[in-house]
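Undergrad: Use the sequences and the hints to build the structure in full.
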Amino acid sequence: MRLFLPKLTLLVIVISFAGLPKAYSIELPTDNWNLNIFSYVNGHLAHSGNYEPDDYLELGESSIFVFGRLSNRLSVLTEVSLLPKKYREDTVKVERLTLRWDLNEKHRLTLGKMHTPVNYWNDSFHHGRYFFPTIDRPLAFQKFVPVHEIGLRFSGSRLGKYNFFYDVVIGSGQSAGDHAFSHGLKSTTLAIGIRPTENLEIRSSLYQDEIINHQNDPKHGFGDQTNGSEDLDWQLWSGSVYFENDKIQLLTELSASKNKGGNLNYTSYIFAGWKWLPRLMPFVFVDFERVDPKETHFSPGIQRRYGAGIKTAVSNRTDLKVDLSTHDLSGDESKPSYTALRFQFSVGF
Amino acid sequence: MNRNRVIQPLDSSFRWGFKAVLKYGIWLMVWLSGAALADNKEGEQVTNLIFIANHNSAIEPDLLDVQAIIRGDQSNWSNGNPIVLVLPGRKAETYERLSLQMFGESGMMMQRRWLKLVFSGRGNPPRYADSEQEIIDLVLNTPDSAAVIRAQYASKLATLIVREI
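The listed protein sequences derive, respectively, from chains U and R.
Position one of the first sequence corresponds to residue 2 (this note's numbering), numbered consecutively onward.
Position one of the second sequence corresponds to residue 155 (this note's numbering), numbered consecutively onward.
Accuracy of the hints is not assured; some may be wrong.
[Stated by the list, open to error] These stretches of chain R come out as covered by chain U in the derived footprint (C-beta under 8 Å, 3 or more residues):
1) 219 to 230
2) 233 to 240
3) 247 to 260
[Claimed, not checked] Sample of chain R residues facing chain U (criterion: CB under 10 Å; computed from the structure):
4) 263
5) 266
6) 267
7) 270
8) 272
9) 274
10) 275
11) 279
12) 281
13) 285
14) 307
15) 313
16) 317
17) 318
Everything labelled a hint here was simulated from the structure, so no lab data went into it.
Positions of the beta carbon are idealized from the N, C-alpha and C atoms, including for glycine.
TA: This is the structure in structure tokens:
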């Protein structure tokens, strides 16, 4: 499956280029195929008293996104990210590759590697920094949020007066990585929500998974370090509120996770932006994460990030975000508290 | 593990932050000024818009949720077929008018919203046309397509579903 995914994705991209004879710009879709490219650059100028973090300018991952309509009911979607070896071990990664069957006007079935619908951010922004409200993803993504899942997803939307929507995903679990169902069906996601007005979305989700041999898992932190091969059941609850109109943009992402024992970890991310001018949006954000001292898998500690910045649409295809933010990463001994002036220049077309 | 790390007092960090902003602020201001000046939200004449669709199913125009279709909340017709939405491109006459009425924002922001919608996998990629005539031709020749145009064209579109919005 691991080798199969990149090959299949490459095939989809080649087909999409072949299907673009009438396109006079990459932004414009042809009858059945659509291609978009996203990329970004990050800059970081940081300061702290006894500890001087490195200033840097780095190239971010570029995403190639392809949507293809195979028939009236069947469509394929893929997102591949590229990054030079200098920044990432895997230069090419398949982030999403799905086949979607529209069952009817309101219900659909999706199969493949997808982003889990656990929260608004992961289900909407994916790897597109161009859409991110802030420079970073919320802290919860570093540990708790299961970004990808290979599995089967049932979805429905626009149900009832309040536009109820749901997603049910049965998947391979985080330990399987790109090896689909290598341990059988291990994870389940249930997400429900409403869009009571055109500007507001409220969502809640439950995710449960079994981490195989959790001491060897890449996200294993400072908990019980043993040589055993213990599998670990864990659950994640997430809640999202997203509001956007012509004046403001608000996003709140909450999550709480637990595994065996009495531990409880939680995170909260709050973003508020004011659309001062059509192209200029000053914003503030607060991001908090607490991992229980009794936690046995993730590294315990408290992390905070908060700051203020400005997001500006430099052109129709480019965005610039600048923020002045403080990072108190108590859980990360190698990066003590510091303040940074950061920018992110992103492009999407 | 370094248990003796020193957390820098916030006032020092913020003093440094303000200095950094001042030092690099000139470049920031240039960017922001450019962005603000580049915003040419033109005051267009208020015109009535109509929704048109090339769809065969027996459907009462009044039952169509035009807002949901244009905003991408509804991406399939009631028979399950995908809605092929034709949106005005940057050169089209209704580019700013439609986005202002449906999204309350500029045409550029409408395109961004749709880009996000497609990228999230929730919406079918729309097709963009550079003029109203091109929009009409596309809808006339594309089954299951839909668009919004100015009301003055309504009389020429007897074969389509037409609804005032």
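Undergrad: If a hint holds in the structure, say so; if it does not, say that too.
TA: Results for each hint:
Counting residues of the stretch 219 to 230 of chain R whose C-beta lies closer than 8 Å to any C-beta of chain U gives 6; at least three are required, and the coverage claim holds. Given as covered by chain U, the stretch 233 to 240 of chain R passes the check, having 4 residues with a CB less than 8 Å from a CB of that chain where 3 are the minimum. For the stretch 247 to 260 of chain R, the stated coverage by chain U holds: 4 residues have a C-beta nearer than 8 Å to a C-beta of that chain, and at least 3 were required. Given the 10 Å rule on beta carbons, the hint for residue 263 of chain R holds: about 7 Å separates it from the nearest Cβ of chain U.
Among the interface hints, the one on residue 266 of chain R holds; its C-beta lies about 8 Å from the nearest C-beta in chain U, closer than the 10 Å criterion. Nearest Cβ of chain U to the Cβ of residue 267 of chain R: about 9 Å, under the 10 Å cut. The hint holds. Given the 10 Å rule on beta carbons, the hint for residue 270 of chain R holds: about 5 Å separates it from the nearest Cβ of chain U. A hinted interface residue such as residue 272 of chain R counts as satisfied when its beta carbon comes closer than 10 Å to some beta carbon of chain U; here the least separation is about 6 Å, so the hint holds.
Annotation: interface hint on residue 274 of chain R holds; nearest CB of chain U at approximately 5 Å, less than 10 Å. Checking residue 275 of chain R against chain U: minimum C-beta separation of about 5 Å stays under 10 Å; hint holds. For residue 279 of chain R, the interface hint holds, since its Cβ comes within 10 Å of a Cβ in chain U; the closest pair sits about 4 Å apart. With a least beta-carbon distance of about 6 Å to chain U, the hint placing residue 281 of chain R at the interface is held under the 10 Å criterion.
The beta carbon of residue 285 of chain R is not positioned within 10 Å of any beta carbon in chain U (closest approach about 14 Å), and the interface hint is therefore violated. Restraint check, residue 307 of chain R versus chain U: the minimum CB separation of about 23 Å is more than 10 Å; hint violated. With a cut of 10 Å, the hint placing residue 313 of chain R at the interface with chain U is violated, because the nearest CB-to-CB distance is about 20 Å. The beta carbon of residue 317 of chain R is not positioned within 10 Å of any beta carbon in chain U (closest approach about 18 Å), and the interface hint is therefore violated.
Checking residue 318 of chain R against chain U: minimum C-beta separation of about 20 Å lies over 10 Å; hint violated.
Taken one by one, the earlier hints fail for this structure at numbers 13, 14, 15, 16, 17, listed in ascending order.
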